[in-house]
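Visitor: Each chain, letter by letter, is given below.
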Amino acid sequence: MRHSIKFLLGDEPRELSSFDPTMTVLDYLRIEERRTGTKEGCAEGDCGACTIVVGSLEGEKIRYQAVNSCLQFLPTLDGRQLISVEDLPDSSGALHPVQTAMIRENASQCGFCTPGFVMSLFALYREGAAAGDPPELETINDVLAGNLCRCTGYGPIIEAARSMHQPAAGPDHFEQNSAATVAALRAIQDSQTIHLTGPDGRQSFAPTTTDALAEILAEHPGATLVAGATDVGLWVTKAQRRLDPVIFLDRLGEMKQVNETATTIEIGAAVTYTDVERMMADHYPDFGEIIRRLGSPPVRNVGTIGGNIANGSPIGDSMPPLIAAGATLVLRRGGERRQLPLEDFFIDYNKQDLKSGEFVETITLPKPAPGSRLFCYKISKRFDQDISAILGAFNLTIRDGKVASVRIAYGGMAATPRRASGAEAALQGKAWTRKTVDRAVVALASDFRPLDDLRASAAYRMQVAGNLLVKAYLEAQGAGVETRIIPYREAAHA
Amino acid sequence: MPDQIKGGVHQAVVHDSAAVHVSGQAVFVDDMAEPRDLLHAYIGVSERPHAKIRQLDLAAVGAAEGVCCVVSAGDIAGQNDISPTHTMDEPVFAEAATEFIGQPLFAVAAQTRDQARRAVRLAAVEYSDLPAVLDLEAALADETLVVPAMELKRGDADAEIAAAAHSLKGKIRIGGQEHFYLEGQVSMAVPGEGDEMTLYCSTQHPTEIQQSVARVLGLAANAVNVRTRRLGGAFGGKETQAAMFATVAALIARKTGRPVKIRPDRDDDMVMTGKRHDFMAEYEVGFDDDGHILGVRYRLASNCGYSADLSEAINRRALFHLDNCYYLPSAAMKGLPLKTNRPSNTAFRGFGGPQAMLVAERVIDEIAFALGQDPLEIRRRNFYGSSERNITPYHQTIEDNVIPEIVSELAESADYVGRRAEIARYNSDSPWLKKGIALTPVKFGIAFTTKYLNQAGALVHVYTDGSIHLNHGGTEMGQGLMTKVAQVVAEEFQVDLDHVKITATSTDKVPNTSATAASSSSDLNGMAARQAAQTIKARLIDFAAKQYELPPDQIEFLPNRVRVGNQEFPFPDLVHQAYMARVSLSATGFYKTPKIHFDRQTGRGRPFYYFAYGAAVSEATIDTLTGEYRIDRVDILHDVGRSLNPAIDLGQIEGGFIQGVGWLTSEELVWGEAGELLTHAPSTYKIPVCSDRPRDFRMKLLEGAANRENTIYASKAVGEPPLMLAISVLHALSDAVASVGGHRVCPRLDPPATPECILAAVERVRSAAGHD
Ligand SMILES: Cc1cc2nc3c(=O)[nH]c(=O)nc-3n(C[C@H](O)[C@H](O)[C@H](O)COP(=O)(O)OP(=O)(O)OC[C@H]3O[C@@H](n4cnc5c(N)ncnc54)[C@H](O)[C@@H]3O)c2cc1C
Ligand code: FES
Ligand code: FES
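Listed in order, the protein sequences are those of chains A and B. Following the numbering used here, the numbering of the first sequence begins with 1 at its first residue and continues without gaps. Following the numbering used here, the numbering of the second sequence begins with 495 at its first residue and continues without gaps.
Hints were generated in silico from the structure; no laboratory data involved. Incorrect hints may have been included.
[Claimed, not checked] Computed footprint of chain A on chain B; a stretch qualifies when at least three of its residues, placed anywhere within it, have a C-beta under 8 Å from a C-beta of chain A: (1) 512-521; (2) 830-844; (3) 924-933; (4) 1044-1055; (5) 1109-1120; (6) 1145-1151; (7) 1170-1182.
Note that the coordinates shown come from a computational prediction; the quantities given were computed from them, not determined experimentally. Where a beta carbon is used, it is the ideal one built from N, C-alpha and C, also for glycine.
Generate coordinates for the entire structure from the input sequences, incorporating the hints supplied.
Guide: Next comes the structure, spelled out in structure tokens:
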């Protein structure tokens, strides 16, 4: 057991032992460190003004990822490097190439969003630094999907992104100092469970093995598990809940693994979206696209499928594709494990089949069966970085003009993500024709009573649910006509 | 020596704060070093849209951890009113009754912001509900008004419509818009000695904050100083509505003798503050066989929320823009500023103009569909002329019309005709995705329509080392005003821009200022600053002429130096000499816009000094199965006169355009049945992101377009007009929808055009056209 956290603030080591375990990194920077370059625009992960970059040791290298500091709790910095906009200039005070590009392109107006954009672009710069090529527009759009700017209209920022890699500039100081930084980070890695007690007595744990997690949770069955905190963070910043105790999952090794067999994909519940996207896009291109559109890079860099499932929202994006693909869960309590089909996990609105002291350990889905295809469509008011009004996932195998197998699941159509059993029955074994599809569309009306809320009316959801099935039919036919506003983008998942 | 200064007018200079923006060193109010003993305030608000407050029990609030002070209406020494136009309908804290969900009832100050936020949740409020008017439709039924209805009239519209070969009627519902400034509302009040109070406030209108604070605290204005270095965006949302927060901070600072900061959480900010007015317009138009408009009758109802705020001026500007670029031989226009139990809707880029232009463009569209013509053709036929057909419904003669030229040039460069044909081909081959294209024009009147506001002051000092200190009444909120005015001063003195120090707007330096609004701030403050500079320059010339016994015309300001007869002095040298000779090197400047006047009784006058013009062509694709859309290409040609700074102007055009696109597409304000705002955070209220920017986006400034009026270096205002270029996007979407009905049925696509709204329009057009 360790009773403190250790991290680097820029290049400076920090060790903290008594603090509120759900203090956000943003508050830490602004209030404790008086680093006010990082801004608060929403305190809910949607605007990006608070974007920071977190460096994590991966082998001999440091992986730099943009994160929303407003949702991240301080203990998640353990063993990492926290980089805020103040760290970007080099020791002589010379601005970073990302910063000079932003100036050159007139990319700031009011300047409030600017540090956040700089940090998102800095993460891209670090990732792409070796290549030195100007990033594609698609990449820029993806990287900036979590940064709102109300002033510029984005054009100058895109230009800054395109022109920031100036070969003449040479390696930036992060690259120059990387050996020292790697050494400094290595010095603060260990596999001890962290146990902290805040000034008001609230406790938090950060275990590194699944067994340790199981044990701690068995001892504190009322604890709140925190994976990426992209849901839990809001309970603190918006509802001002005082969580106690908190168990952080981000240091778990095993639950951050993806294991592939010949026929299955097993995803640890603490695997982030970012780490699963490429693999998913390879097997299920449309599901990969759903993940690409889920939140923004800072959300995907920490958010997990396990958290999405455990949170159980009727509009969570990963569930309909997983259900349609036939995913199962492994739930664990202490040393006991049980397995169940994902669709059975969701009992009712906000009610999951998760016992006290139990947690989601892994999610397993089959690889696509030969001849099958998974079609997924997410419909939202804004294309990128928005919550679904409705999401439809259709897993179809057509053989000899007949529907050999079908699994259909929707989000936004009921209090939980759910299968469309009536529509499936109307299709299963039938001739794969528009007529059959139309019958299945009719059956949807008895499968669901859709949500009616600020994202869409129930009537719209019902109509679109049917139209999406039609769309899947059209695309499966391969009629050679355009059916998507934004076609599937191979480049996006590279 | 270079023969041109660095950073003079017409140069594409970067924003003066760019380097501090990108490095995180720019100081916004919440970033300032916090004074010792600072308290953090938070406001407790009403949970009912309209109710008597039977009891406000704040005992638990006062007893909460860290709380030092609780204030409510009874603690106000002066007037419990912050109404900007003195309508006395906007209390700091509601007293007897509350009029909207989110209305301030009390405030608390604690050691930390977290404690203050927690404490306000502990209030026990007993309400007894009163009948509430929750939306525009309900208000329209009762015709409850916040300010009197208003009218504009020219000719006999009824007779013209009745006599016309064709006529039609319809209505359009137009959604509101949240400002979504990235920096939320924030103020810090620091008490001084005696009754002095200094406020650091994110406001577009420091003078109004000064007056409001003085009024609420019962002080003379000279006791209050308000400073604003920069705002993290405002867009009209911090013109009047910053007062709600600033006065609370000042009130608690007065009561406790300690500095107080207040910064609402984003969700609370969105719930408490007003937005762009949503409108409902009914139109009736008579036109001839060629689509020439002969007469219009408009009834324009706006949702003002619970108080007058700026709604009178906003509704008036709306009426003034119901013509857009079109000559209306006869017109009868009525504006109904309606009262509802909602936050008080307020200024937002365009100030009523955008909603009115949407109505004008809808009417053009209706005529085009009725006659089976391309809407662009109908637009062109109805444009104002230059020497005839040039009188507006408010009887101002348009003297600077360039819209026909702009539209011709743009239609040509964007290949409107060719692309329309291409789109028709695409649509006939594409059963599910459909494309549309539209060109819409903009004419926007420049000047505050409230005459006395068209004045500005500036203060310029030249120090003995030749460095220059610049101050004026405008505030910097990202629009680049400070940079532009500094360019003007640099140009006047012929010194490089980096010799001019930009300083925070401050009511003790330049008093009695107008809001930074109405797009006019460079026009007004640029002129005032130029005048101040000219005063000092004249003194320097006078001094040099006397000193060197030369006629004044022998003194010439060259780049960074001054020629005095046959000699040249570096600028600082001459300044120093003047100082030694006891010449004053500080001056104020003042400017008031000439020519403008308007008589509200008769509805006649010249409310606008000049007009800014522009046009845009947009192309979009919709998915007829889901209503999703994408903007494929946008071409803009915009008139900024002779640009003071092309980089900043292009930034305003693009930013304004995208903000307009958000308003007309993804930005949907949804209200619950109890009158509560449901979309009160960026998770539910969706402004455009990077990928919403059209992939192919081409912007151009109109060339050779010096302002005909005597404005600052022949430039034109640019803040608001480009927002309305986004109307072309709504019309492109509508055009795509119309294709499913063979362009026979006007889609009447009301904004915001969300996917749901587009899909509904597709269905409507299909069934009306008898397709399906
Ligand atoms: C800006 C933003 C955009 C978003 N966009 C989307 C979107 O487009 N689509 C979408 O679906 N969601 C979206 N979300 C929601 C959120 O990102 C997802 O639900 C995410 O998957 C949650 O994962 P997490 O790791 O952050 O979970 P956390 O917030 O850490 O936890 C969520 C819940 O799961 C529990 N939990 C976590 N892990 C486990 C486990 N292993 N076993 C048991 N319980 C566990 C937690 O206790 C908590 O109750 C968005 C969120 C934000 C802030
Ligand atoms: S403050 Fe908006 S994303 Fe963090
Ligand atoms: S520059 Fe103002 S929000 Fe981006």
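Visitor: Of the numbered hints stated earlier in the document, which are not met by this structure?
Guide: Violated hints (numbers, rising): 2 and 4; every other hint is consistent with the structure.
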